[in-house]
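2 protein chains.
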Amino acid sequence: MLEGYRGKLASFLASKGIEIGDRIRIKKDSLEVEGILFPSFSRDEDIIVVKMDNGYNVGLKATGADLSLLSKRKAEDTRKPQSTGSKGEVKIISTGGTIVSKVEYETGAVRPALSTDEILEYLPQIKDIADIDAEILFTILSENMKPDYWTKIAEKVKESLDKGARGVVIAHGTDTMSYTASAIAFSFSEMTGPVVLVGSQRSSDRPSSDSSINLYSSVILAKESPFAEVAVLMHGESSDTYTIAHRGVKVRKMHTSRRDAFQSINDVPLAKVMWTENTVKMLRKDFVPRGKENRMDSKFDPRVFLLYYYPGMNPLILEAIKDKTRGIVLAGTGLGHTSEEFETVFREFTKDGIFVGMTSQCLFGRVNMNVYTTGRKLLEAGVVPLGDMLPETALVKLMWSLAHADDVEGVKKLMLTNMVGEFNDRHNEQLFPRWYYE
Amino acid sequence: MLEGYRGKLASFLASKGIEIGDRIRIKKDSLEVEGILFPSFSRDEDIIVVKMDNGYNVGLKATGADLSLLSKRKAEDTRKPQSTGSKGEVKIISTGGTIVSKVEYETGAVRPALSTDEILEYLPQIKDIADIDAEILFTILSENMKPDYWTKIAEKVKESLDKGARGVVIAHGTDTMSYTASAIAFSFSEMTGPVVLVGSQRSSDRPSSDSSINLYSSVILAKESPFAEVAVLMHGESSDTYTIAHRGVKVRKMHTSRRDAFQSINDVPLAKVMWTENTVKMLRKDFVPRGKENRMDSKFDPRVFLLYYYPGMNPLILEAIKDKTRGIVLAGTGLGHTSEEFETVFREFTKDGIFVGMTSQCLFGRVNMNVYTTGRKLLEAGVVPLGDMLPETALVKLMWSLAHADDVEGVKKLMLTNMVGEFNDRHNEQLFPRWYYE
Chain V
1 MLEGYRGKLA
11 SFLASKGIEI
21 GDRIRIKKDS
31 LEVEGILFPS
41 FSRDEDIIVV
51 KMDNGYNVGL
61 KATGADLSLL
71 SKRKAEDTRK
81 PQSTGSKGEV
91 KIISTGGTIV
101 SKVEYETGAV
111 RPALSTDEIL
121 EYLPQIKDIA
131 DIDAEILFTI
141 LSENMKPDYW
151 TKIAEKVKES
161 LDKGARGVVI
171 AHGTDTMSYT
181 ASAIAFSFSE
191 MTGPVVLVGS
201 QRSSDRPSSD
211 SSINLYSSVI
221 LAKESPFAEV
231 AVLMHGESSD
241 TYTIAHRGVK
251 VRKMHTSRRD
261 AFQSINDVPL
271 AKVMWTENTV
281 KMLRKDFVPR
291 GKENRMDSKF
301 DPRVFLLYYY
311 PGMNPLILEA
321 IKDKTRGIVL
331 AGTGLGHTSE
341 EFETVFREFT
351 KDGIFVGMTS
361 QCLFGRVNMN
371 VYTTGRKLLE
381 AGVVPLGDML
391 PETALVKLMW
401 SLAHADDVEG
411 VKKLMLTNMV
421 GEFNDRHNEQ
431 LFPRWYYE
Chain A
1 MLEGYRGKLA
11 SFLASKGIEI
21 GDRIRIKKDS
31 LEVEGILFPS
41 FSRDEDIIVV
51 KMDNGYNVGL
61 KATGADLSLL
71 SKRKAEDTRK
81 PQSTGSKGEV
91 KIISTGGTIV
101 SKVEYETGAV
111 RPALSTDEIL
121 EYLPQIKDIA
131 DIDAEILFTI
141 LSENMKPDYW
151 TKIAEKVKES
161 LDKGARGVVI
171 AHGTDTMSYT
181 ASAIAFSFSE
191 MTGPVVLVGS
201 QRSSDRPSSD
211 SSINLYSSVI
221 LAKESPFAEV
231 AVLMHGESSD
241 TYTIAHRGVK
251 VRKMHTSRRD
261 AFQSINDVPL
271 AKVMWTENTV
281 KMLRKDFVPR
291 GKENRMDSKF
301 DPRVFLLYYY
311 PGMNPLILEA
321 IKDKTRGIVL
331 AGTGLGHTSE
341 EFETVFREFT
351 KDGIFVGMTS
361 QCLFGRVNMN
371 VYTTGRKLLE
381 AGVVPLGDML
391 PETALVKLMW
401 SLAHADDVEG
411 VKKLMLTNMV
421 GEFNDRHNEQ
431 LFPRWYYE
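If you read the sequences in order, they're chains V and A. 1 is the number of the first residue of the first sequence in the UniProt record's numbering; add one for each residue after it. 1 is the number of the first residue of the second sequence in the UniProt record's numbering; add one for each residue after it.
Worth flagging that the hints you see were computed from the coordinates, not collected in a lab. Keep in mind it's a predicted model, so treat the numbers as computed, not measured. Any given hint could turn out to be false.
[What the hints assert, rightly or not] Below are the DSS-like pairs computed for lysine-lysine, each with C-alpha atoms no more than 30 Å apart in a straight line: (1) V/LYS413 to A/LYS61; (2) V/LYS72 to A/LYS377; (3) A/LYS377 to V/LYS16; (4) A/LYS377 to V/LYS324; (5) A/LYS299 to A/LYS412.
With the hints as extra help, turn the sequences into a complete structure.
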């Protein structure tokens, strides 16, 4: 394996039998470097990357250097991370992502893994709070998540709760965690316990990692929570004070790198987890309590499109994708608008049985298409206003609805039914965050 | 004119010579209502809407009612709202939108207007702070704004500054105000004074209207500001305390209805306007000062597309729109990702001379495509990371860049040049707003 190496250098390394993770020596002029061959991501094909014993990585021009193999990498850990099959109080389902990535210090490679053994090794305190059963379902980066996988996750959740788990933790990459949370939420009409999606923004090899606190908190929540809803749990602040469980259909990743990137939009989160005290503090009383059985229906039709409107958008673009879609979610401007040119297109789409729903690219607040003429014309063209639903949540709900209705009227009815709290009718001043400029 | 009326009722009203704004009487059973005929937006074709003298609107079933015309609506105001031609210190260019909408109490119709006379009539205090010249350039709702109009606005701005205005105010609908702000910003490489886009979230007939405070503040800012940049000025808080001028390329409408909907993303705003004291308080020192001349180049190529990535997106959708686009801005997940399936499509696009740039749907933070494998593969496929630029700003910049470069390398170079502060390299903890959940 020579990840990242190309051209002459890759051939040269191969010819010497050198692979990533092997211990090598490089001599060049008066310089001599010894260390482990690391993957290279340089644009320069001639750069060789070595992790030295002092922990630093160094990149050197290979041309003119004398390379020698000192020793092959250590044999890989062959333990197969599998479910232990124990009837744990808390089931952890791993799908991949930063939270379950283990950096192999020997090679620098990032390996997704989360067997029960490895969790207990990584976070031994967890066994003091719950009996854990962990299982690797997928090992994918969340940007590669797909509707088919949502169904597999939902099935595993049902199986786990049916077997008696008090709650299920889903370790997930943060990129698309809120989409998956919505998908699982729409898949269950009743659950015996909560589903807690948990991720991390910084991998466990970094001092600022949020992995262990988030995972620890998610286990507390899965076991102790009075609610049986789908939640996303992440850091509550950039410091390690507490974690927050957001309602899965009302949360969004709002920052590329902060540990408190996930925030509830247009709604109050479900709970805070005071992880230093092992307690859950509910932030709202109107949650769905634990049910008697697990009723699941997890089908999705991915023939949808999320159209983000902007000035100058060409209506022909919509015509071009018409035959590939059964439904569209618009992220319109302001209260739910597009330019009036689109009225004709939407009228044609809805007439031909394609659902067209409106959300706002403002994210906060709710659409109201009765205020201005443009909105009223879009309403007349059959565009369905989707209240304060997030564009992403609406899209996932549309995939679910298309798989559960025969015609556009049926889809519309499902889209407008408040299934799992995706609509919040009670907005107040406190739901909008505060910016401070001084 | 019988806006909103259809079918039998429309024909019946027409046969009686009744139009919107006319005074009518409706008798039905024991009920008798007198008032002004209002536009109807009911789905029920039989509903007639009347504004009564007490100010309330009432909707009545027309079938079986006895309708009579009492008097025709008052003749329309025939003053032509035009530029006064005076060499005002502050030029106000009106493009339409809520801020310049005047509700005619007689008819309920919303009429965009902002002649100098009307402004002074509406906001007489303005003449105490500046000599105003106002002009109506367009009267459109901002959701109908187009790249062609941006050029016309830029030309009018140049003309006004060249004639000696200390600053220009552009009254604009809030829906697409930040897109226009970016467009004007990219159109000027030097300006002698500021351009202040101003809008309002609530029309002037509502007690909670922000129209007058925002307009008043924009005039103070246009006259007094030490900077010559394009700014968006709106309420700073939901209360009337102060207004804020955001850098036009770093601002976004973040709420559908709040008066403080506009917020700076990834940057500190330019200034606060303490309108009760007629003063401008700068929030940063690194602004662009007033220049010696006005250098404008305002061309846009609208053959772009803003693609908002989501799990399950079909790569064929991109193929379908390929022939309609010269460039794409992606709103990817997290640090700048899409599923790996898209790698091939993007490689093909960039090879065929279509620019593909990456922003993040998180909005806050910056893309970094070197952290995970997916990002690195997209980089190799030719996708260009666009730092902390907002997706909308990047899209407008792409339209400008496509009109100013011959090939994809030229476009890339322009896209990566920090022209007017669209990239901010100095992020800090304070730029992320705070959510409070208790």
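Restraint check for A/LYS299 with A/LYS412, where alpha carbons must lie at most 30 Å apart: holds, 17 Å
Between V/LYS72 and A/LYS377, does the CA-CA distance stay at or below 30 Å? Holds: V/LYS72 and A/LYS377 sit about 28 Å apart, inside 30 Å.
Within a Cα-Cα threshold of 30 Å, do V/LYS413 and A/LYS61 meet the stated pairing? holds, 27 Å
Do the alpha carbons of A/LYS377 and V/LYS324 lie within 30 Å of each other, as the hint requires? This hinted pair holds, its Cα atoms lying about 27 Å apart.
A/LYS377 and V/LYS16: Cα distance at most 30 Å? Holds: A/LYS377 and V/LYS16 sit about 27 Å apart, inside 30 Å.
Violated hints for the displayed structure: none, as all numbered hints are satisfied.
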